[in-house]
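**Student:** Sequence:
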Amino acid sequence: MVWETTNKTSGPTKYSMASEVAYCDGFMYVRVPENAPDGNMLVSACDEYGNILWSWHLWLVREGVAEQTWPSGATMMDRNLGALSATPGNVLANGLLYEWGRKDPFTGLAKYGASTAMAVTGTAITTLASNSDNGNVEYTIAHPTTYLWKNEGDWMADPDPTLWSAALKTKYDPCPPGYHVPYETVFDGITADNAVYSNTNNGRLLTHESQQIWFPFAGRRQSGSGGINYGYSSAPLFYLYYDENTSTSGKCSWVGTTETLGLGDVNYQKAHSSGFSVRCQKIVTSGIVNTVKLKYNVTDVSYGVLAPSFTGEAYGARQIEWGDGASDGLGLTPNFYHYYNAPGTYSLTVTCVDATSITVPLGDLVEIDVTGF
Numbered sequence: 001m002v003w004e005t006t007n008k009t010s011g012p013t014k015y016s017m018a019s020e021v022a023y024c025d026g027f028m029y030v031r032v033p034e035n036a037p038d039g040n041m042l043v044s045a046c047d048e049y050g051n052i053l054w055s056w057h058l059w060l061v062r063e064g065v066a067e068q069t070w071p072s073g074a075t076m077m078d079r080n081l082g083a084l085s086a087t088p089g090n091v092l093a094n095g096l097l098y099e100w101g102r103k104d105p106f107t108g109l110a111k112y113g114a115s116t117a118m119a120v121t122g123t124a125i126t127t128l129a130s131n132s133d134n135g136n137v138e139y140t141i142a143h144p145t146t147y148l149w150k151n152e153g154d155w156m157a158d159p160d161p162t163l164w165s166a167a168l169k170t171k172y173d174p175c176p177p178g179y180h181v182p183y184e185t186v187f188d189g190i191t192a193d194n195a196v197y198s199n200t201n202n203g204r205l206l207t208h209e210s211q212q213i214w215f216p217f218a219g220r221r222q223s224g225s226g227g228i229n230y231g232y233s234s235a236p237l238f239y240l241y242y243d244e245n246t247s248t249s250g251k252c253s254w255v256g257t258t259e260t261l262g263l264g265d266v267n268y269q270k271a272h273s274s275g276f277s278v279r280c281q282k283i284v285t286s287g288i289v290n291t292v293k294l295k296y297n298v299t300d301v302s303y304g305v306l307a308p309s310f311t312g313e314a315y316g317a318r319q320i321e322w323g324d325g326a327s328d329g330l331g332l333t334p335n336f337y338h339y340y341n342a343p344g345t346y347s348l349t350v351t352c353v354d355a356t357s358i359t360v361p362l363g364d365l366v367e368i369d370v371t372g373f
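Be aware that the sequence shown starts at 1, since it is given in this note's numbering, and climbs by one per residue.
I should point out that these hints are in silico values taken from the structure, not numbers from a laboratory.
Backbone N, C-alpha and C define an ideal beta-carbon position, used for all residues, glycine too.
Some hints could be false.
[As the list claims (entries may be wrong)] Here are the computed lysine-lysine pairs in the DSS-like style, where the Cα-Cα straight-line distance is at most 30 angstroms:
id, residue 1, residue 2
1, Lys295, Lys251
2, Lys282, Lys171
3, Lys282, Lys8
4, Lys293, Lys171
5, Lys251, Lys14
6, Lys111, Lys8
7, Lys251, Lys171
8, Lys111, Lys293
9, Lys295, Lys111
10, Lys111, Lys14
11, Lys111, Lys251
[Claimed, not checked] Label pairs and their computed distance ranges (CB to CB):
id, residue 1, residue 2, range
12, Gly113, Gly287, 16 to 26 angstroms
13, Glu20, Lys282, 27 to 37 angstroms
14, Asn131, Ser210, 21 to 31 angstroms
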């Protein structure tokens, strides 16, 4: 366990969200108590010396997360990523904050009208100036609680705009399975006139097709310090990140204040070291089905055939039909192997929806038919 938070000014009881974290057979297991509070936590896998190899953000919301259709037609979450509420005026609707391109979240605003960060139990969030030694993905993976700041710049020494992409979900995309960082176009049709400012509730409310779409003034983390801030020149605001790669403006953030609403300042297509909110967009599949047929000549039954893996598998269903053989390892996870009872030639048919590529382990592969892909 790295840290836990209930998105409030005081931290939760230690291990109240996860009574046990374990590793077994290539999987991480987290035991969540029945009485666990709503909140967010970060768990990690470490080496024998305690160095973090990878980390996962777990989002506990007992009421669940709803979906909404925005004026642009996009299907979006009803709240910011990490938020525990979607109710106007509830400070728990603020959610967590992200540096552009990083997979791990940082605590957000816990109070309105004050630059007060959510409290964590566990490893505290720290800030550090970005430089040529730490401004890389490898450092951030090993230090998920370290916020790298660089005034009006990119936290990466060698910027990589492909870490987040709405067109192809990456492993650094912070959104849950089935969602991705949004396109710029999801904000089409939302203006300062129809997303009305609410002084009482600290945000903007858009009513669309009987839905209440709430944009709380969730603040930001400043690119020049990493510190949390509820507004600019003491005026409340929010920023929402989106995919810069597919945007026509070349920007990557959408901003709301008490008076304005729209694309972020021109500087923010470069200020990836700012900490902004993320509102996830639902992945919609085209329904295009692709099929790949494989044939293996198995000579040594002590070794299994590794299941193929996919790029873009989150964009649709996949199914693997194994040929005759033992029933061991029939799962679809690429780490699973299929073992055969006897040497021989066996077929394998892979069906997937909206996959962009397929990686086929060679092994004893003797034939591949990709005419259906």
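**Student:** Look at each hint and say if it fits the structure.
**Tutor:** Outcome of the hint check:
no. : hint                                   : in the structure
1   : Lys295 with Lys251                     : violated, 47 angstroms
2   : Lys282 with Lys171                     : holds, 16 angstroms
3   : Lys282 with Lys8                       : holds, 28 angstroms
4   : Lys293 with Lys171                     : holds, 27 angstroms
5   : Lys251 with Lys14                      : violated, 40 angstroms
6   : Lys111 with Lys8                       : holds, 8 angstroms
7   : Lys251 with Lys171                     : holds, 22 angstroms
8   : Lys111 with Lys293                     : violated, 56 angstroms
9   : Lys295 with Lys111                     : violated, 60 angstroms
10  : Lys111 with Lys14                      : holds, 22 angstroms
11  : Lys111 with Lys251                     : holds, 28 angstroms
12  : Gly113 with Gly287: 16 to 26 angstroms : violated, 48 angstroms
13  : Glu20 with Lys282: 27 to 37 angstroms  : holds, 32 angstroms
14  : Asn131 with Ser210: 21 to 31 angstroms : violated, 51 angstroms
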